[in-house]
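**Q** The primary structure of each chain is shown beneath.
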Amino acid sequence: MQKVRWLAARLSPQRLLYAQLAIMLLCCGLFFGGHATAVVRFEPRSLYINSSVPGAATTYKVTMAYTTQTAVGSLDMLFCMDPIPYDPCVAPPGLDVSGAQYSESGSAPDTGYTLQTESPNHILLTRNPAVVVDGSQVTYTFDNVVNPTDTSHSFAIRLSDYASPSGSANMQPDGSIGVNDLDTIDLGSVLAQVGEGIEIETQVPPYLTFCINHTVEPDCSSTEGEAYTDLGTLDPSKPLTTTSQMAVATNAINGYSVSINGITMAAGTNVINALTVPTVSAPGNNQFGINLRANTSPNMGADPDGAGSAAVISPSYDVPNEFAYNDGDTLVSADSVAIGKRFTISYIVNSSPNIKPGVYTTTLTYFAIGNF
Amino acid sequence: MKRVTSFLSSALAVLFVAVSVVPVSAATNQTSSGGPSSSTGLSIQPRKNYVVNPGQTVTDRLQVGNLDERAELHVTFRVIDFTYGGQGGSPKLSLAQNAPPTPWSLRPFMKLPDSVTVPAGQTTQFSYSISIPKNQGAGSYYSAILYQATGGNSGNVALNASGVSLVFVSVPGTVNEKLGLQKLGAYASPNNGTTGQFVYIATSAPEMIGYLLKNSGNVTESPSGSITLKDMFGRQVNTIGKTNGNQALALLGQARLFTTCIESKQTQVQSLGGTANVTDTSCVKPHLFPGRYTVSLDAFYGQNGNQTHEINATAHFWYLPWWFILAVILVIAVLTVVIVWGKRRLASVIRGTTYRTGFGIRRKR
Numbered sequence: 555m556q557k558v559r560w561l562a563a564r565l566s567p568q569r570l571l572y573a574q575l576a577i578m579l580l581c582c583g584l585f586f587g588g589h590a591t592a593v594v595r596f597e598p599r600s601l602y603i604n605s606s607v608p609g610a611a612t613t614y615k616v617t618m619a620y621t622t623q624t625a626v627g628s629l630d631m632l633f634c635m636d637p638i639p640y641d642p643c644v645a646p647p648g649l650d651v652s653g654a655q656y657s658e659s660g661s662a663p664d665t666g667y668t669l670q671t672e673s674p675n676h677i678l679l680t681r682n683p684a685v686v687v688d689g690s691q692v693t694y695t696f697d698n699v700v701n702p703t704d705t706s707h708s709f710a711i712r713l714s715d716y717a718s719p720s721g722s723a724n725m726q727p728d729g730s731i732g733v734n735d736l737d738t739i740d741l742g743s744v745l746a747q748v749g750e751g752i753e754i755e756t757q758v759p760p761y762l763t764f765c766i767n768h769t770v771e772p773d774c775s776s777t778e779g780e781a782y783t784d785l786g787t788l789d790p791s792k793p794l795t796t797t798s799q800m801a802v803a804t805n806a807i808n809g810y811s812v813s814i815n816g817i818t819m820a821a822g823t824n825v826i827n828a829l830t831v832p833t834v835s836a837p838g839n840n841q842f843g844i845n846l847r848a849n850t851s852p853n854m855g856a857d858p859d860g861a862g863s864a865a866v867i868s869p870s871y872d873v874p875n876e877f878a879y880n881d882g883d884t885l886v887s888a889d890s891v892a893i894g895k896r897f898t899i900s901y902i903v904n905s906s907p908n909i910k911p912g913v914y915t916t917t918l919t920y921f922a923i924g925n926f
Numbered sequence: 003m004k005r006v007t008s009f010l011s012s013a014l015a016v017l018f019v020a021v022s023v024v025p026v027s028a029a030t031n032q033t034s035s036g037g038p039s040s041s042t043g044l045s046i047q048p049r050k051n052y053v054v055n056p057g058q059t060v061t062d063r064l065q066v067g068n069l070d071e072r073a074e075l076h077v078t079f080r081v082i083d084f085t086y087g088g089q090g091g092s093p094k095l096s097l098a099q100n101a102p103p104t105p106w107s108l109r110p111f112m113k114l115p116d117s118v119t120v121p122a123g124q125t126t127q128f129s130y131s132i133s134i135p136k137n138q139g140a141g142s143y144y145s146a147i148l149y150q151a152t153g154g155n156s157g158n159v160a161l162n163a164s165g166v167s168l169v170f171v172s173v174p175g176t177v178n179e180k181l182g183l184q185k186l187g188a189y190a191s192p193n194n195g196t197t198g199q200f201v202y203i204a205t206s207a208p209e210m211i212g213y214l215l216k217n218s219g220n221v222t223e224s225p226s227g228s229i230t231l232k233d234m235f236g237r238q239v240n241t242i243g244k245t246n247g248n249q250a251l252a253l254l255g256q257a258r259l260f261t262t263c264i265e266s267k268q269t270q271v272q273s274l275g276g277t278a279n280v281t282d283t284s285c286v287k288p289h290l291f292p293g294r295y296t297v298s299l300d301a302f303y304g305q306n307g308n309q310t311h312e313i314n315a316t317a318h319f320w321y322l323p324w325w326f327i328l329a330v331i332l333v334i335a336v337l338t339v340v341i342v343w344g345k346r347r348l349a350s351v352i353r354g355t356t357y358r359t360g361f362g363i364r365r366k367r
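Residue numbers (this note's numbering), protein chains in the order written: chain A, 555 to 926; chain B, 3 to 367.
These aren't lab readings, by the way, just hints derived from the structure by calculation.
Keep in mind it's a predicted model, so treat the numbers as computed, not measured.
Warning: the hint list may mix true and false statements.
Unchecked claim - Label pairs and their calculated CB-CB ranges:
#1 Y202(B) - Q655(A): 20 to 26 Å
#2 P911(A) - S284(B): 49 to 55 Å
#3 A848(A) - I327(B): 33 to 39 Å
#4 T126(B) - N724(A): 56 to 62 Å
#5 E597(A) - S218(B): 32 to 38 Å
Here a beta-carbon is modelled for each residue, glycine too, at the ideal position from N, C-alpha and C.
With the rest of the complex left out, here is chain B (with noise of 0.2 Å):
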């Protein structure tokens, strides 16, 4: 009896033991109060270029920075491979792990580190280092850097925050730079570029020109020159200095839209005498009167050392607002009635008379 009570006694104490040591976890709620157990909120640099000779390797640092100021930020880095999505300059990115190489991508030639702890509202720097070999092509190649913040992983929804870095190395030498036109024009937007349409007649003044290029080369290309817009008359209504003002990018094979404003919120103030705040690229509504408008762009694309080459291309587009269209309508009714009046009175007239073609008028009897 002793012995079953001992031994009882030895088990309660060890099961008490293990009970106070093994941690109870809460029920889930529906969201947790208070801060997070790790940061999400981070501060990447979003874009790096270089030019790397074959056979020259480049080391260079990047910054991430913890936006929170009470959780430490925890990232994993990956090397992954992007492309163009559509006309504009969002990329596409290409995050199956087992994902193939593209042409262009720099997978092989980047090395970094595999994480990173960043303290609370702290920022780091990394270094990595791009090898270009010996016999590597001239051309433009890019990957992206992607920064994963290790997030929520519980829950019926689970975030994670992720920042991506564009890697853009231009290799030197003979390129084969190829840039096609394929649309110029008048182009309506309800947010300045994002979407849109080009138009062939606007019944409300454009705000912007677009023209769209398809890059069939190998290097990426950022083409540069200016748009003049004159009126049917001749008249140069306008000169856009910068037709590519954000120096966008079209990467290969991507047949690339790029916008301007035909006047913006920048130089309308600057014409007033003002100082334009650089970061409102808006557009404003131009002052353009009814007719028919000419559009010239000359562009200009070209790498180190290779050729310069040039766009020249001329379009047209018609502004006819609604209140032009009635007025020309009436001014037309009235004028047809004007003749219609006219040439019945004329007849009526006539009609008193024995007129008739090639026999001269003579007067009833």
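Bound-form chain A, shown alone (with noise of 0.2 Å):
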């Protein structure tokens, strides 16, 4: 009975209330509560190369400005595929920094560096500690520097400073620093890329082929039929109906997109019109569209096949049984490579019983692109 009177004493509004709000407050801590790192970069900073030919040895010009005002003993570069200090380093493939010869401009205490290579991707530049200059600009260059070869990606060089002539005591094998390491002062990184040769490539270059037919091969090895179709004479109680096929395939890694072209079916200044949004087939009504699906009303056309799983077809033309067209729009895009796939265009045209006479034509131009 006395447990009760505990209890029933201390269950009064006041205290529930109180207790909802702690506990509402620590689950505000627990569920909102962020993690705040201080970071401290170069800035500005920048990185020039002489030459941007793959392969070739060339001239470095990393300029900096110091942020943080205190004794620095070293500067540390490391070139790696990626700039963020906290990942692993890559080193860019083909790179190699061993036989640079070193210059520096810019006024002391920023200065007065000598270079001391680590290994074909690491720099290290050591002398004795000195304070430096807040935001005054330094250029530290670097001669027979040779470039990367891959020409497909960017690589950076990673810049920290550090109080200790021997650089960071706290890198890890694989090149990367801890978030809160206390070794280092400043952070930064640069970015650069290396661009194509116009030579021959001794790697096998980037290639988009595309074919199209009333029927092809999905490696477009051969192609049937004419790239031209009648379709015969407009029935207002039936569609009419007729398929092509294309095939598209690339190695770029951006991909492709393939779009149409063309205005639809017109006879002079008279024109059925196109189905701007997917719509089903109505004999009698003015249609003009297309898909690129499997369709059972009409039963024409097939889904796509081939073994490229990159490729996916827009929306408005992958609804089975609705078609639809939009000059300029695409049909069909894959955002990296995408090995050959082949596609079945279903064509339908519907006339009303009072369309105007005449041979209604179209001329469809088909556009694959590499992606950007």
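Can you join these two chains into the complex? Each is in its own frame, and there are hints to help.
**A** Next comes the structure, spelled out in structure tokens:
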């Protein structure tokens, strides 16, 4: 009974309210608490490469300004594919700084370093520690640096300075440094990328293959039929239909798009309206549209086939039994390397009973384009 | 009479000769069987990049392949401009014959042949040049080379095939670079990023992280960096090292969407000690627990000789699967029942006494 009295006295509405508030604040701290880290960067900083030819020996110029005004004994430069200093460093293929010759331009006390090459992708500039000037720009020049050979990706130089002339004692074997590394004073990365040479390349160049016809093989090794078709006589009681096929493939990392261009079926100034949104076939109405799927109404077409999995059909043309057409629309796109895939294009034409007589035609141009 | 007969015979002879020389065209069929009369299959190089100084001319060669083993490929060339079509990487072509050049157009600077014929099953190279004027400002310039294959030109529906090569030129010097972050967060896509939308509360584990950058400078930009994903306890769930693995570009004026998998098939296979197929960049469902996640983006961009810029941003999203929501509702319901029952039980015990606030408990007599 004493316990009941004790509990009853403590379950007063005010105390319940205080308890609820405390729980809510605890949850807020748990769910919404952030983890702030202070990051000090070299600002500004830039990299100039005299020649962007892959594999060429050239001059690199790193221009930067120290942000933290303190004694600096070493400046570390690590060349990696990834600019993030906390990530493992992967050396750019082909890069070699082991033969670099060093010079500097700027004013003391931001200069006075000597070059120490740690590895083909690692340079350490070292000196007796001296207090640097905040915000004063200095340029460090390295001649005879061999460019990377990979033109498909950018690369970075991870910059960091330390009080010790020996660099960081905490740098991991994979080249990363800890987020809260106390040795590091300032950080910063600069980006660069080598360009494509205009000589014949030694690696497989990017290609984009495309074919269209009545029927095609998924790898475009052969096509059948002619690149045109006659639909016959317009009939308001049923749709006129036909199909064609196209196949696309690319080894370019950005993938491709296929777009369609051309006006709708027309006989002089008389047109058959194109279906601007996916619409079912409705005989007796003026309609022109296409899709890239297997249909049952009318019974025609086929779903895409072939090994390529990266390619997708645009939503407007990806609905069975619904057809659309807009000049300039993208029909198919792939956002990466896409091995040969074949698409069957189904065309329908419906006409109203009072359509003006004439020979209705259209010329459709399919564009296969590499993405950027 | 003889003259008439002679005249008639001569006329008939001339008519006979004329008819045998003039070809007779067949009636048009639905579709012809057999191979095409001209090829509509081609292979091209989709993109070329150059660094060209003002006053410099570069000459290069491009390849055109005829994929058809039986018919010749007749290709005409045209330089056209293009821009972005949306947030993705599909170009929007400017096909009008008299379209005015864009501010970044290479049309005035490029020279290439009018046409080329490629024998069946063969590949042909052709030369072209790009001459940048001496006083041309630094920045990015781009246009496209249109390869028009001559296809059908009769019938109700005639088909033409065209390939397009994108040509990018960077004129070095001091440029104006500005990428502004517009959105960052979890991105739900049914097709590896081709279409989709940002999500803040996801009921199924999001497979992608997306960020939207607006290019307000005068150079195309391809940012590079990493994304870190942390749970609500601050533990690092994943670090995505290649935030722009395809080296996608943000064109001038474009708000470009960059997406990357939280976990990809490649990294999943590699983490198990296997060798990943580099052509398969599809995403897999990441192993996430319900809760709030923090996405941190650290991206860099900068042209040669220009200042390197860095974009740091943080965003959040919730992963609340339906089973978790139902479990939470169930727990709350059970707790509510327990608390209400407990209070009623306590109240009934108290009613057996004379308890009043401030007066203490007195047993009823």
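**Q** State for each hint whether it applies.
**A** Hints, one by one, checked against the model:
{"no.": "1", "hint": "Y202(B) - Q655(A): 20 to 26 Å", "verdict": "53 Å, violated"}
{"no.": "2", "hint": "P911(A) - S284(B): 49 to 55 Å", "verdict": "52 Å, holds"}
{"no.": "3", "hint": "A848(A) - I327(B): 33 to 39 Å", "verdict": "38 Å, holds"}
{"no.": "4", "hint": "T126(B) - N724(A): 56 to 62 Å", "verdict": "58 Å, holds"}
{"no.": "5", "hint": "E597(A) - S218(B): 32 to 38 Å", "verdict": "20 Å, violated"}
When each numbered hint is compared with the structure, violations occur for hints 1, 5.
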